[in-house]
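Trainee: Chain by chain, the residues:
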Amino acid sequence: MKKKVRNRFFAPLLVLLMLLATVRTEAVDYQAKVQADIKAFRDYFAAQFPDVPFADYANGVYAIDADSRQQWLEMEEFPPYALSVEDGKALFEKPFANGKTYGSCFPNGGAVRHNYPYFDEKRGTVVTLEMAINECRVANGEKSLACKGGDIAKISAYMAFISRGNPVDVKVASEGAYKAYMKGKEFFYAKHGKLNMSCAGCHMEFAGKRLRAEILSPALGHTTHFPVYRSKWGEIGTLHKRYGGCTNDTGANAFAPQSEEYRNLEFFETVMSNGLIFNGPASRK
Amino acid sequence: MKRIAMIAAVSILMLPLSGQADSREENIAKGKKLALDGSKGNCLACHLIPGGEMAGNLGPPLLQMKQRYPKRSVLHSQIWDSTAKNSHSMMPPFGKHGVMTKEEVDYVVDYMYSL
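Those protein sequence lines, which keep their order, are chains A and B.
At position 220 of the first sequence the residue is numbered 220 (our numbering), and the sequence of numbers has no breaks.
So the mapping is simple: our numbering equals the position in the second sequence, first residue as 1, plus 1000.
If you're looking for bench data, these hints aren't it; they were derived computationally from the structure.
Honestly, I wouldn't trust all of these hints.
[Said to hold, decoys possible] With a straight-line cut-off of 30 angstroms between C-alpha atoms, the simulated DSS-like cross-links for lysine-lysine are: (1) B:1085 x A:191; (2) A:209 x B:1066; (3) A:183 x B:1030; (4) A:94 x B:1096.
Produce the complete structure using the sequences and hints provided.
Mentor: So this is what it looks like as structure tokens:
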């Protein structure tokens, strides 16, 4: 009799505890937290540039400055990245020493640009497209490539080109992903270097203003169109090469391309661009 | 004799004055060089300065500085540590972060006063 009573209480108690546990994990909806940031970010630029349609932010500085947009459109008639895309295609299709190709790592013929960056729950880290390209090489017995320009930027350019038109839709679905996102966010807003400047200072607060002769692009859409062929570089280069240049401009030492810092930064900036369209590669001055 | 003595006295009095005028010009020139140097002040990156080309516009134009900054120390401190006045200022704290010495910021102030 006594035993029965205990069971009668124990079972519902257990159910209640289990319910509480699920409620507790559901209580932190990371995507919703991030969604609020995305809205604030977008609203900021919408207020700064009321005439710029949202979709146009995928075009960087050319979204907000009519004069340089005109020059850019003329440049785009014979896009300087076209050769890199061709080279990238050849590299993508060329078999490794073991006979396999990149196609064995990437489905859809490599039209997967829009699946990156993502947070790999198993490894607890952000995976970028360039990182995945190198991991594919290593898995197939090849050496990894340097990640600023050259072959990896060409392969990335080809993959971006055949993925054009897919929406940016990066998920922040777990505590780990949220932590990586927050690290990227902190990096973006923090002051860096001897000159004490932040990414947000140049690409939010002063977006549209001129630093010397260069008009500062809005951070919204920063990552949609990479890699870019930049006239100043004279070649196609990766997002992390650009991050490095901008970090140097604050008087700080650049982090290595594909460092955790820059992968988290890419994760944050790409999340902010959710809803835009991937349109890389692109050309820039 | 009296006249010669007077001339001598006057020229002795003038000496330090003309010397000062020279060094003031020199200081302004030094300040201008520092202000325009890309690895020192680089002021043109963010400010319009009369006579400077391809100026940026993150900060206000640097005009009529003497009228606007009658107190030298206020201008000096804006360049030394812009964050004292505006904690999230985009303007680099040139002195505080060791980009320029006190003396160098002094020269830049001399140059600013010539604008």
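Trainee: So, for every hint listed, does it hold in this structure?
Mentor: Evaluation of the provided hints:
1. Between residue 1085 (chain B) and residue 191 (chain A), the direct Cα distance comes to roughly 16 angstroms. Compliance with the 30 angstroms bound is thereby established for this hinted pair.
2. Taking the CA atoms of residue 209 (chain A) and residue 1066 (chain B), the gap is near 26 angstroms; set against the 30 angstroms cutoff, the hint holds.
3. A threshold of 30 angstroms between alpha carbons decides the hint, and for residue 183 (chain A) with residue 1030 (chain B) the separation of about 43 angstroms lies outside it, so the pair is violated.
4. Distance restraint check for residue 94 (chain A) and residue 1096 (chain B): the Cα-Cα separation of roughly 54 angstroms exceeds the 30 angstroms cut-off, and the hinted pair is therefore not satisfied.
Hint compliance for this structure: hints 3 and 4 are broken, all remaining hints hold.
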